[in-house]
Every structure is written in C-alpha cells, then in structure tokens.
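Protein chains: 2
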Amino acid sequence: MDAAVFHGERDVRIEEVPDPELEAPGDAIVRITHTAVCGSDLWFYRGEHDYPTPGRVGHEPMGVVEAVGEDVTSVRPGDRVLAPFAISCGECEFCRKGLYTSCVEEAGWAGEHDGAQGEMVRCPFADGTLVRVPDRYADDDDVLESLLPLTDVMCTGHHAAVSAGVDAGATAVVVGDGAVGLCGVLAAQRLGAERIVAVGHHEDRLAVAESFGATETVSARGEEAIDAVLDITNGGANHVLECVGAESSWDTALDVARPGGTVGYVGVPAGVEDAEFLGTAFSNNVGLEGGVAPVRAYVEDLMADVLQGTLDPSPVFTKTVDLDGVPEGYRAMDERDAIKVLVEV
Amino acid sequence: MDAAVFHGERDVRIEEVPDPELEAPGDAIVRITHTAVCGSDLWFYRGEHDYPTPGRVGHEPMGVVEAVGEDVTSVRPGDRVLAPFAISCGECEFCRKGLYTSCVEEAGWAGEHDGAQGEMVRCPFADGTLVRVPDRYADDDDVLESLLPLTDVMCTGHHAAVSAGVDAGATAVVVGDGAVGLCGVLAAQRLGAERIVAVGHHEDRLAVAESFGATETVSARGEEAIDAVLDITNGGANHVLECVGAESSWDTALDVARPGGTVGYVGVPAGVEDAEFLGTAFSNNVGLEGGVAPVRAYVEDLMADVLQGTLDPSPVFTKTVDLDGVPEGYRAMDERDAIKVLVEV
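Residue numbers (the numbering used here), protein chains in the order written: chain A, 1 to 345; chain B, 1001 to 1345.
In short, the hints are calculated from the structure, not lab data. Don't take each hint at face value.
Stated by the list, open to error - Selected chain B positions facing chain A (in silico; Cβ < 8 Å): (1) Thr1215; (2) Ala1275; (3) Gly1291.
From the three backbone atoms N, C-alpha and C, an ideal C-beta is built for every residue, glycine too.
Here chain A stands alone, though its shape is the one from the complex (with noise of 0.2 Å):
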C-alpha cells in the first residue's frame, strides 16, 4: 500500500509501505477514504518539532472498516468510521471521565502507530477509539466531508469554546483564524453566544468566520488588535479562545480577557518561551483551561448536530488532493495558500 512518508524538514513523500495487520484482538484494520492535513502538522514539516524520519504522518482518519480482531465489539467489517488523532482504550480512569487524551495507553497516530495519510491503518484499542457513522449517512460525500474535520479540527475548536465557559449569550473573543480557531467560532456560536469576535489577519479566512458567526472581525496584530477588541468589548472578554498556540496569541487572549474571565486554550504551546502572560492571568483572575482536546469525548454530540444538518465545518476545507497530492497538501497549508486540506485517498 502506499502512505506519505516524513524524510525531513519539507519532505514529505508518497511511498510504498507494508499493509497492517491486526497485531492485537482488540485492533482493526481501516481503509482510509478520506484525511487531512492538519496545521499541527506543520510544527514537524518545518522543522520544529522533532519527528522520527522517516516517519508515517496524518491523525484525522475516516474511512471503512476492513477487518477487526477477535474481542472487537463496536464495528464490523463495511462499517464506516472516523477517529480522533488519540488512540485510547475506553477503559481506564481518565477515558472513562471523558479524557481520552491522558488515556493510560497513551497512543496516537503516526509516531508508533500507523498515520492516516496512507490506504490503510491499523487501529489499536478500536472499541475506545473508532466512531461509526450511521450506514445511511455512510456513503453521502457531503456528509463524509462535514464529519472529517470532527477528527480533529471542529472538536478541538468546540473545546476551546467549552473551556473559555462559552454559553448562550456570551461575548466570546477568538484568537486566531486558522481552521480551529474557525471551528472556535462555529462552536461559540453552536453554544449559544450571543457576540463572537474573530481576531486574525487574513481577509478570506475572517470572511469563513462570519459565516461561521462571527459578529464583528479584527484583521490586525499586537496592541492593534489588543485596542481594537477593547474597545469592541469595552474592556474584554469573558471568554476568549486561544486557537493558535504562539506567544504573540498567548499575550493576545490574556490582554483581550476580561478580569475574572477565561482564556479556553487549545493551539500546541509552540515557542511560548516568556511567561509574562502569567502575569496577566494573575492579576485579572483571569483562568486558563483546556489543552490538547479529548476529541472523542465530544464527537458523537458533534456528529448529531452534522447529521441533522445543524453543523457544517467543512468549509474549513479549501483545497482537495488525492494521496498522491499530500506533499502538495503540506506546501499549500505551509505557505497559507489553503486554510486546510483534504486529502480523498
């Protein structure tokens, strides 16, 4: 079968690699349909995190169920599935609290397992990890394409808004217009906030954010962007989603909160390297919750609201490729020419 393969800081390629197989009773194999490429995996492709090479890449995989071990329950063979970018068992203290992803087993894709930009992948834990979609939505490209992003993206943007306590009629504040702080917007606005104020600094994503729901826009950085939703918000925010993970973000959404409000979290900590923004948080009794998103704790609720036409995240979706295409995935998203890549294997 073929995967795209991590050689090194912008090389990624298409290669043969073997098939899985199941290793395990409680593994299965799937038939990858449909993945992505994600902006976390830009942290690697340039060269800024450490990745093993080579290395198979890609954590948002939906596709066909395949084959499955002996003591798997929960999908059959033909079932379509997607599954979060954790792996976790289902089982111990921190899944069954809804924390999949402090999960004993500790797993994810790609790494030691197999990554989802590739035919095939086998599936550890597949009774905890895999999520069915109903047989009658399970061959409807539209819907397919509107439950991709609930691998990752959607969930991850809906725990921002959870954590920043968004509720119905709130001003909520989200830094950052990539595809999660996007989906960010999509989820205040699905919980009911009344004000959702999109800060970026791409024309064409902050216009997704309006359809999303944004209610005003700021297209600037720094103290241009602090002042601006100030004075939007007389005086700040009491939720405020922080979607990108760098310092300048982090320095935004504690400045943009109101004293006593929360800063929902969710974008990798990537060169946060000053702790000044503690000092912020300090003084304002502002909370910082959230962290890396237990996407499987939220996707079933998420899925019913795609299922019955209420939530549409896929405009996120600027740019399709087949396998083939996936290096060309990684330049595009690299070089901001899409806002999130769809990869149909």
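Chain B: place on chain A using the hints.
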C-alpha cells in the same frame, strides 16, 4: 505619627510622617492596632520588585476608626475594623461580582496610599473596603490575632483552595510552606478535603501544616518532591494549590496535578520566565485558576468561622514586634527566622 518607610534594599526605617487627614467624603481614618509583615513585602525588601523610595509599607491593616467622611455609612468612630490588602470601591462591575482586586479604582495600601505599618492610615472608599469586627469581639486580643490573617494570607490561601476546586472528600496538594501555603492547608481542611499533602522544606513549618490538617507532608524540592507526591497520590491530585509563585514551584505544581485537575495559584509570579509548565498543562488538560486574592469577597465568611471558634490561622505568627520592631520583623522574615511577623502597633 510614626510609620515604617522603605528606603532601599533591606532598609526599612521607622520615621515621623504627617498624620493622615480626611480628603474625600468616602474616607475613614483608622488608628492601626495590629498589622503584619507579608511574604510579598520581601520582594521589594530584597530588591526583586521595584518600589518607590522613600515609600510607606504594609498592607494588612487592623485598628479602630478615628474619623469618617460625611458619605461613610458602614463604620463609625470607635469601631474595630480590618481591611484587605486591596482597596475597593464596592460599587463597580468587578466589586459587585466579588472580584474586588479588579476594582476600577485599582488601589492598594502603600504606593500612593498610606502603608499599614504605621500608627494611622487614611482609608479611601471606606464603605467598600473596611470590614467591621462585631463589638463583642472588638477588644479580645486572641480573637483579633486570629482575625488579622484575614487581611491577606488566610483569604489568599482560601482563594487558592477555592480556585483549585477543593471540596468535600477531595485530595489536595499544597505547594509551599510559607504563611499562604499553611493557610491553604487550613482552607482545604475547612472545605472538606479528606487528604491534604503539604509540600515544603522547613520541618517547623510542615509541623504547623500538620496541625492545620495536612494528612501527609513532603519535605523535599524538585524531582524528589514530585516523585514523593506522585507516589502518595498514585499519579497526582485533582486539586493543587500553588502558594509560592516561583518557577520551581510552578513546575512542581503542574507535575503533581492529575490529568484533568486544576492548579489554584495565588503566589505573585516572581521569576517565572520559562513557560515550560504550559506544555504540561496543555498535555494534561490541567486548568490554571486563581490570581491575586479578592480578599474582600471572603473575609466575612471566614470571620464568622473565626468568631465561632472553628478557624484559627494565628499560628502563622511566630514572632511579635512593636512598631519600632518592624525593621527587625523584615529581617526575621527575610532570614526565615519567622513564618510571619505580627506587629502590635
């Protein structure tokens, strides 16, 4: 009148200063009878934080009202009162939601106002700031000594416990064995924690922690402390109180938090330059809640417990001086000869 005045690193002197006068209709003049030296006073004393020189010092006032402005309705001359370290108007958005430290008037003792380590202070916004001690306890020295920590450290420890989400049956870890950490233990016990692990490195202070309700103590630093706490808690606690504010204690606090748990922090961040703790918080979805304690929101509840005899933080005072002894009090705190110094003016 006499008052303590800061003149530079490790240089606090008792000097004659002008008597305070009523300046606004909401002011009160309070004759100080009891005050204290705070761990946070050591930051400027050691030259680690900027501070005006010469500058009045002290932010934990208790005394008797001498005079009030014409708009003051909540206290009268002769009333026994205490005040939090933050001055608050009591009427703005933030005061009304209990976040008195974010009062739009942004005032504290010392700085542009009088310091509590002196014979008298002018208290602006007396109705929003002063808390009256019921007459029957107004001259009971034991009660007054037990109430004095409510001006800062007891309410600050309580804020750590509340922010960390401590409730009945909880397992809590308290990082820091200073006066605030010890009060954090007392607060956690008061909130019903079943298991309280106190982490410090002074045997005498950890003994106080045990008398305050710590069920286990760890006398160690860094990795050794972390390993011991992880062992005791079988992988970390859901409720961690960060009561120091140093980089090492931040790292310890995050490393002993159970995934999905919360760190309640109240130590003024000092020297936290590396944001590495953020990666731990992100990976484990550990919330960071707290900040500068809105004492005014807690003091009445805690006072009720002190007055009925179920709460007594006074053992944090291990040395007593008079006003002339304030410089010696700073020295004793600086050299850790005392946990906290009581000043009987």
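Hints and how they fare:
no.: 1; hint: Thr1215; result: violated, 22 Å
no.: 2; hint: Ala1275; result: holds, 4 Å
no.: 3; hint: Gly1291; result: holds, 4 Å
In the structure shown, a violation is registered for the earlier hint numbered 1 alone.
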